[in-house]
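S.K.: Sequence:
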Amino acid sequence: MIPIYIATEDFLSEVVADRLVADVNQGLYVAVRLGRQGNSYLRKRLPEMVGIARGIPVVLFTDLDRIDCAPALIATWARGYSVPDTLLFRVVVREMEAWLLADRRGFADFFKVPLGKIPHDSEGIDDPKQLLLNLVRRYSNREIKAAILPERGSKAKIGLGYNQMLSRYVREKWSIERAMTTSDSLARAHRRLAELRIRTQA
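First residue of the sequence shown? That's 210 in the numbering used here, and the numbers climb one at a time after it.
Don't take every hint at face value.
[As the list claims (entries may be wrong)] Listed below are the simulated DSS-like cross-link pairs for lysine-lysine, each with C-alpha atoms no more than 27 angstroms apart in a straight line: (1) Lys382 x Lys364; (2) Lys326 x Lys366; (3) Lys354 x Lys366; (4) Lys354 x Lys338; (5) Lys338 x Lys366; (6) Lys354 x Lys382.
[As the list claims (entries may be wrong)] Have a look at the derived ranges for each label pair, beta carbon to beta carbon: (7) Arg400 x Tyr238: 18 to 24 angstroms; (8) Arg400 x Ala365: 35 to 41 angstroms; (9) Arg397 x Ile211: 16 to 22 angstroms; (10) Asn350 x Arg242: 27 to 33 angstroms; (11) Gly325 x Ile211: 24 to 30 angstroms; (12) Gly260 x Gln235: 24 to 30 angstroms; (13) Glu386 x Lys321: 21 to 27 angstroms; (14) Gly247 x Ala281: 16 to 22 angstroms; (15) Arg387 x Arg242: 35 to 41 angstroms.
Derived by calculation from the structure, the hints in this document are not laboratory data. In this text the structure is predicted, and so the values were computed from the model without any measurement. Heads up, the beta-carbon is just placed ideally off N, CA and C, and yes, glycines get one too.
Taking the hints into account, I'd like the entire structure generated from these sequences.
M.R.: Structure below.
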């Protein structure tokens, strides 16, 4: 078994990273999980992760958010550093919710949303999280709404059970195979993870 580190912005991204590793499988296992403190934390720790990756593979996921393109984000973060092949630096377009919406059938079934209301191009959505909230608000059942949406009058943007409910979806219903057909950044991340496994076993 080959140990790897995963570094993510938050709990939900960590759950998705775990799913991807499990899907590629065949010798990889997550030994250490870093992050859950936003992208500024990951950017600050990048030099440390570059050092770790020289001995143990590191998989890093961060959201593209409002930056124009993934290469621009990576170049900004890695300025002055030579990123080794064993540091798998992948950018989610535009944020993790876009990858979850990319499995339109799974999302529709789990969240009780009409399939036709979910865009075919999840990576082209300006604000995937807001779209997800809007779909849940309009179509989902009471249990899902209570978890996902903030309480009326609250200044919070999401409900207390947001990450837990979406993580349940990732574990129980989300199809990586279906999502990859419409999310290029997810397909690239999956492919690079498979290449990382092959490279480390060579």
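S.K.: A separate judgement is required for each hint: does it hold in the structure or not?
M.R.: Hint check:
no. : hint                                : in the structure
1   : Lys382 x Lys364                     : violated, 30 angstroms
2   : Lys326 x Lys366                     : holds, 22 angstroms
3   : Lys354 x Lys366                     : holds, 13 angstroms
4   : Lys354 x Lys338                     : holds, 14 angstroms
5   : Lys338 x Lys366                     : holds, 10 angstroms
6   : Lys354 x Lys382                     : holds, 18 angstroms
7   : Arg400 x Tyr238: 18 to 24 angstroms : holds, 20 angstroms
8   : Arg400 x Ala365: 35 to 41 angstroms : holds, 36 angstroms
9   : Arg397 x Ile211: 16 to 22 angstroms : holds, 21 angstroms
10  : Asn350 x Arg242: 27 to 33 angstroms : holds, 32 angstroms
11  : Gly325 x Ile211: 24 to 30 angstroms : violated, 43 angstroms
12  : Gly260 x Gln235: 24 to 30 angstroms : holds, 27 angstroms
13  : Glu386 x Lys321: 21 to 27 angstroms : holds, 22 angstroms
14  : Gly247 x Ala281: 16 to 22 angstroms : holds, 19 angstroms
15  : Arg387 x Arg242: 35 to 41 angstroms : violated, 26 angstroms
Checked against the numbered hints listed earlier, the structure breaks hints 1, 11 and 15; every other hint is satisfied.
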